[in-house]
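Student: Letter by letter, the chains look like this.
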Amino acid sequence: MKIHEYQGKALLKMYNVPIQDGYVVEELSQVESTIKKVRKEFNSDAVVVKAQIHAGGRGKGGGVKYSPTLESAIENANNILGMDLITHQTGPKGQKVRKLYITEALDIAEEFYVAITLDRSLGKDVFMVSTEGGMEIEKVADETPEKIVKEWIDPLLGMKSFQARKLSFGLGLTGDAFKAACKVFTNMYKCYTETDATIVEINPLVLTEDGRVIALDAKFNFDDNAMYRQKDIAEMRDDFEEDPTELEASQFNLNYIKLDGNVGCMVNGAGLAMATMDIIKLAGGEPANFLDVGGAANIETVKNGFKIILKDENVKAIIINIFGGIVRCDRVANGVIQAVKELNLDLPVIVRLEGTNAVEAKKILAKSDVAIIPADSILDAANKAVTAATNS
Amino acid sequence: MSILVNKNSRVVVQGITGSEGTFHSTQMLEYGTNIVAGVTPGKGGQTALDDSVPVYNSVEDAKNEAGANTSIIFVPPPFAAEAIIEASYAGMDLIVCITEGIPVQDMVKVKRVIDENGTRLIGPNCPGIITVDECKLGIMPGFICKKGNIGVISKSGTLTYEAIGQLVSNGMGQTTALGIGGDPIIGTDMRDALELFEADPETEGIVLIGEIGGQMEIEAARWAKDNVSKPIVGFIAGQTAPPGRRMGHAGAIVSGGDDTAVSKMRIMKKCGIDVCESVAEIGQKMKAALVQEAEAIA
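Protein chains in written order, with my numbering: chain A, 1 to 392; chain B, 1 to 298.
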């Protein structure tokens with residue numbers, strides 16, 4: 001789960017990490033008063049107007065504007081609030097800006113990149129810092145890996161002060177700034193573990209002209225599996241950032257991701273679901289979605305699955321691929337037939353059932369009075385689905 | 001022969017009295033798995049599965065009193081990490097954790113503990129392990145397997161069944177099938193599993209099924225290049241997965257670099273693995289690889 005910059009900064013502030021502070025505004029009528037409040041409270045004539053969307057690349061997309069005067073701030077805010085902001089991460093339609101974060105402007109001497117995330121290969125959290133702040137870290141990692149300093153953290157010991165010092169030295173800091181950065185790193189790690197984050201990235205962390213170390217941005221990602229014990233974090237979810245159909249699917253306990261093709265997919269298991277999408281593509285078609293109905297593929301899940309898939313108007317055919325281990329295929333077959341009838345489905349439905357009672361299931365499908373196309377294998381199913389989608 | 005489990009494994013089920021635990025323990029018993037004990041804290045002294053299995057308060061008791069040496073865990077996510085740690089400290093030779101949804105921060109600590117204790121863990125978030133006709137530890141449908149000479153390693157559940165189904169329909173059975181799990185942190189990775197199958201004299205070929213996300217397939221392939229003599233057939237799910245989206249498994253997300261399906265497949269090929277473009281080719285490719293191997297020897 002992701003959150004907005006202003007929410008991430010509020011978390012950092014709670015953990016005593018100094019931030020570039022400000023206020024959020026959602027209404028055009030409140031823009032001027034909010035800007036004035038920021039100017040006054042943070043003693044900063046210049047402000048930065050920042051669009052609050054989850055996607056990265058906001059600055060390049062025109063969603064972050066330095067505004068030296070009140071007039072320019074108001075103009076920038078009016079332009080950005082409500083716009084469809086397009087960045088390399090939003091897709092061509094962009095993301096509507098519903099919130100602005102008006103912050104103080106700072107005089108920056110140096111910019112750093114700092115982040116904590118999981119190193120999957122070692123099974124440990126890794127703290128990474130680089131003097132190449134503001135840049136895309138992937139690029140730095142590719143071209144000048146020596147400019148990234150890394151510290152792996154023992155989960156039973158937590159981050160030790162020598163490690164925080166090593167990171168601060170790695171950024172070439174001295175004196176008060178060195179001490180301040182050490183504190184930032186220790187507090188960041190605390191924040192990361194205590195909130196069950198999977199990434200905390202500050203890019204850039206800046207050293208100001210007057211020697212302060214301050215977080216200018218904050219990117220958080222949280223572990224969905226830990227949200228049961230992170231109620232405050234879970235409440236930060238912004239439903240406007242989610243695809244409405246994906247949100248609805250999650251309420252049915254279905255794992256759905258919309259794609260651009262026209263062959264709808266309903267599969268049990270994430271790996272098999274991906275493999276089904278892949279083989280549709282190899283058969284010359286395009287998958288319309290990823291949909292994992294989980295282990296218990298009963299009539300209810302099948303029906304809900306159909307409902308979700310049918311919200312996508314591009315869908316021209318639906319493939320159901322169930323490998324029944326514990327779940328019995330004859331029950332799935334009956335569920336599919338019932339769901340097709342109840343929903344008055346008029347799209348071609350290609351069904352491949354394998355595993356427990358698969359033979360009975362095929363007989364049930366063949367005998368039914370609904371137009372279901374049975375398939376013998378995953379390849380057969382993909383070919384039939386692509387043909388059906390092309391012809392309908 | 002086989003890897004990790006066989007008819008001599010003495011199994012304790014942690015969470016045996018829960019609904020999942022009861023259901024799958026019954027299935028495992030039917031398959032022939034030697035379940036000697038169950039653990040549910042507070043229910044020690046009772047019995048489970050129609051009086052056939054004694055229940056203990058701790059894994060340690062199950063070891064001391066019933067001689068358990070292998071644990072399988074069906075415990076809800078908030079308590080699963082502790083269940084693994086308990087089994088590790090009780091000295092289990094092997095722990096299989098089926099539980100899906102354990103927080104990463106919990107698993108980071110678990111990993112540290114099992115590494116220090118030298119415990120072999122499979123999973124979490126996995127279908128388990130099955131040594132055909134001997135021992136099933138997990139939720140796989142045993143009847144789809146056939147005894148034979150292929151080892152199966154996979155991150156995913158139903159995709160493992162698909163591979164097994166194709167092997168059987170192409171006339172090949174399995175020694176052991178191992179679902180390693182789809183989480184970012186797991187106990188036994190692909191490299192470990194390859195090493196075990198390479199050392200097993202009965203295994204003649206290996207099917208390796210991965211997916212997008214992480215570097216595990218690549219690390220395993222690079223290791224296999226110099227250390228595995230048996231033919232490996234590989235497949236990576238998620239060629240059509242868009243970057244930045246988590247595809248079901250917590251670990252299945254393309255986040256940049258070499259973790260796309262295409263680059264994993266490219267590197268696996270370079271390392272000498274016979275990589276399937278299509279999931280439907282797994283059975284045929286393994287068959288062809290065995291024929292080629294036999295001809296090379298002849």
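The hints are simulated quantities; they were obtained by calculation from the structure and are not laboratory data. Cβ coordinates follow ideal geometry from the N, Cα and C atoms, glycine included. Honestly, I wouldn't trust all of these hints.
Some chain B residues judged to face chain A by a derived CB distance under 8 Å, without partners named [as the list claims (entries may be wrong)]: (1) SER156; (2) ARG222; (3) ALA241; (4) MET247; (5) ALA289; (6) GLN292; (7) GLU293; (8) ALA296; (9) ILE297; (10) ALA298.
Student: Hint validation: ALA296 of chain B versus chain A, beta carbon distance must be below 8 Å. Holds or violated?
Tutor: violated, 29 Å
Student: Does the interface hint hold: is GLU293 of chain B within less than 8 Å of chain A, judged Cβ to Cβ?
Tutor: violated, 25 Å
Student: Just to be careful: measuring from the Cβ of GLN292 of chain B to every Cβ in chain A, is the smallest value less than 8 Å?
Tutor: For GLN292 of chain B, the interface hint is violated, since the closest Cβ of chain A sits about 23 Å away, which is over 8 Å.
Student: Closer than 8 Å between Cβ atoms is the bar; does ILE297 of chain B clear it against chain A? Give me holds or violated.
Tutor: For ILE297 of chain B, the interface hint is violated, since the closest Cβ of chain A sits about 31 Å away, which is over 8 Å.
Student: Using the nearest Cβ pair, does ARG222 of chain B come within less than 8 Å of chain A?
Tutor: violated, 12 Å
Student: Let's test the interface hint: is any C-beta of chain A closer than 8 Å to that of MET247 of chain B?
Tutor: holds, 6 Å
Student: For the hint on ALA241 of chain B, just tell me whether its beta-carbon gets within less than 8 Å of chain A.
Tutor: Holds. Min distance 6 Å.
Student: Quick one, is the ALA298 of chain B hint okay against chain A at 8 Å, beta carbons?
Tutor: violated, 32 Å
Student: Can the hint on ALA289 of chain B be confirmed by a CB-to-CB distance to chain A that is less than 8 Å?
Tutor: Where the cut-off is 8 Å and the nearest Cβ of chain A is about 19 Å from ALA289 of chain B, the hint is violated.
Student: Does the interface hint hold: is SER156 of chain B within less than 8 Å of chain A, judged Cβ to Cβ?
Tutor: holds, 2 Å
The structure does not agree with the numbered hints 2, 5, 6, 7, 8, 9 and 10 stated previously, though it agrees with the rest.
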